[in-house]
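Engineer: Chain residues, written in single-letter form:
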Amino acid sequence: DAGVIQSPRHEVTEMGQEVTLRCKPISGHDYLFWYRQTMMRGLELLIYFNNNVPIDDSGMPEDRFSAKMPNASFSTLKIQPSEPRDSAVYFCASSIMAGFTDTQYFGPGTRLTVL
Amino acid sequence: AQKITQTQPGMFVQEKEAVTLDCTYDTSDPSYGLFWYKQPSSGEMIFLIYQGSYDQQNATEGRYSLNFQKARKSANLVISASQLGDSAMYFCAMREARGGGSEKLVFGKGTKLTVNP
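Chains as they are written, first to last, in the numbering used here: chain A, 1 to 115; chain B, 1001 to 1117.
Isolated chain B (complex conformation) (with noise of 0.2 Å):
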């Protein structure tokens, strides 16, 4: 079964718009983080922002955030204000606690993001 799943394989957004791109992850450890990267055409990995499984508040890094649905297993990220610069590929990615697999950052598969001017 797949760890992350991210539904959206291409979104498009207006310049200045928020977006919210999806994830989903399956885990029965209780303690886990997820993660999220951007790539940009340019190919590099860029970390975004970090969601712990015991933070009782969402994440929030600039005009980044995190809508964490526990309950829901989801972890999605929001954009606010777009900006043509954030056209890219985003990736969710998870990191169990147990069993030795810590150390395993699993990715999903992507969501192509273009802004439009």
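Chain A extracted, bound-state conformation (with noise of 0.2 Å):
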């Protein structure tokens, strides 16, 4: 089965564009989240949905930030405009549901370069 599908895999940018981040989750799992990993931060959680629905997005860090999830198997990360310390790996994850039982199963990862 595929796992949690991210593209690009890495992103170089110049400071002012916009980035969008994709995602395709594990088929059947109705919870997806987007972490973001910084070596000063380590792993936080920005934000999560349920059925494509957007949960808590506490965890976004401004406004230049915005996710949406159209469908099951699909969803974006952007980040308008983009700035060097935005600068990290960004990862998706999937899980069937949200108990304190269920994994999280994470994609690749996208390393994106701000500069």
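What the hints contain is simulated information worked out from the structure, not anything from laboratory work.
Just so you know, even glycine gets a beta-carbon here, dropped at the ideal spot from N, CA and C.
Errors might be hidden in some of the hints.
Stated by the list, open to error - Calculated cross-link-like contacts (lysine-lysine; reagent style DSSO-like; alpha-carbon spacing at most 30 Å):
(1) Lys-78/A to Lys-24/A
(2) Lys-78/A to Lys-1109/B
(3) Lys-24/A to Lys-1104/B
(4) Lys-1109/B to Lys-1003/B
(5) Lys-1104/B to Lys-1003/B
(6) Lys-1070/B to Lys-1112/B
(7) Lys-1109/B to Lys-68/A
(8) Lys-1104/B to Lys-78/A
(9) Lys-78/A to Lys-68/A
(10) Lys-1109/B to Lys-1070/B
(11) Lys-1104/B to Lys-1073/B
(12) Lys-68/A to Lys-1104/B
(13) Lys-24/A to Lys-1109/B
(14) Lys-1112/B to Lys-1016/B
(15) Lys-1109/B to Lys-1073/B
(16) Lys-1073/B to Lys-1003/B
As the list claims (entries may be wrong) - Cβ-Cβ distance ranges computed for the label pairs, FRET-style:
(17) Glu-1015/B to Thr-76/A: 39 to 47 Å
(18) Gly-1010/B to Met-15/A: 29 to 37 Å
(19) Ser-1042/B to Gln-17/A: 20 to 28 Å
(20) Met-15/A to Ser-1080/B: 44 to 52 Å
(21) Lys-1112/B to Glu-44/A: 16 to 24 Å
(22) Gly-99/A to Pro-1040/B: 26 to 34 Å
(23) Ser-1042/B to Lys-78/A: 23 to 31 Å
(24) Ile-1046/B to His-10/A: 18 to 26 Å
(25) Ser-1080/B to Lys-78/A: 39 to 47 Å
(26) Ser-1031/B to His-10/A: 33 to 41 Å
(27) Glu-83/A to Asp-1026/B: 31 to 39 Å
(28) Gly-1085/B to Gly-59/A: 30 to 38 Å
Build the complex from these two chains, which are given one at a time in their own frames, with help from the hints.
Structural biologist: Okay, here's the thing in structure tokens:
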């Protein structure tokens, strides 16, 4: 079975440009999560969706960040305009349910560099 | 307060030996799950093993086992017969059940394991 798919794997852009990260969750998983990983802050949850509906976006750092999930098999995380401090690895993860026993499966991540 | 503490920034082990990676956690919720993930240098996050707070037995998955000591709030990962491919970052994470926060997976800062030939 295919795991979580993310694209692009690497993105290099210049400050001020719009960046769009993409994610395809595992089929049948009702929950989708976006995380950011940096050396300073480790892994942080940005936002998560249940059945395509955003449930908690309290981790989104600021209004420059937005996320959508137009259908069960696709989600985007957009940064507009991008800044150098947004440089990080962005992970998408999915799980069947969201109980404390449910495992989240991660995609390979997108390494974003903002110059 | 940190919910997940991994006190070993780096660990070294000889190939074929066993190694224990420490993880302590902080929660007052009786229902929680503990997870270990591996992150090799290629960057992906790979799920290794899960332990639930109500599980009576320590979890095992192949060469991975979890030394779960509930009273001490520790969930150490044991890797037996280390292989060169085990060299990676290892993250301990927790999910609590209560208060609508069960969806959040909280991670520790990780331990970098290096397996020497």
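Engineer: For the pair supplied as a hint, Lys-1104/B and Lys-1003/B, confirm whether the alpha-carbon distance does not exceed 30 Å.
Structural biologist: 12 Å, holds
Engineer: Given the hinted pair Lys-1109/B and Lys-1070/B, is their Cα-Cα distance within 30 Å?
Structural biologist: Roughly 21 Å separates the two Cα atoms, so the pair holds.
Engineer: Given the hint that Lys-1104/B pairs with Lys-78/A, test it: the Cα-Cα distance must not exceed 30 Å.
Structural biologist: Holds: Lys-1104/B and Lys-78/A sit about 21 Å apart, inside 30 Å.
Engineer: So if I understand the rule, the pair passes when the alpha-carbon distance is 30 Å or less; does Lys-1112/B with Lys-1016/B pass?
Structural biologist: 18 Å, holds
Engineer: Under the criterion that the straight-line Cα-Cα distance not exceed 30 Å, is the pair Lys-24/A, Lys-1109/B satisfied?
Structural biologist: Within the cut-off at roughly 27 Å; holds.
Engineer: Within 30 Å, alpha carbon to alpha carbon, are Lys-1070/B and Lys-1112/B?
Structural biologist: Status holds; Cα separation ~24 Å.
Engineer: Within a Cα-Cα threshold of 30 Å, do Lys-1109/B and Lys-1003/B meet the stated pairing?
Structural biologist: 11 Å, holds
Engineer: So if I understand the rule, the pair passes when the alpha-carbon distance is 30 Å or less; does Lys-1109/B with Lys-1073/B pass?
Structural biologist: 17 Å, holds
Engineer: Please check whether Glu-83/A and Asp-1026/B have a Cβ separation lying inside 31 to 39 Å.
Structural biologist: 33 Å, holds
Engineer: Does the structure keep Lys-1109/B and Lys-68/A at a Cα separation of 30 Å or less?
Structural biologist: Given that 30 Å is the threshold and the Cα spacing comes to 28 Å, the pair holds.
Engineer: Return holds or violated for the Cβ distance of Ile-1046/B and His-10/A against the range 18 to 26 Å.
Structural biologist: 19 Å, holds
Engineer: Quick one, are Lys-78/A and Lys-1109/B close enough, alpha carbons at most 30 Å?
Structural biologist: Between Lys-78/A and Lys-1109/B the Cα gap is close to 26 Å, so the pair holds against 30 Å.
Checked against the numbered hints above, the structure violates none of them.
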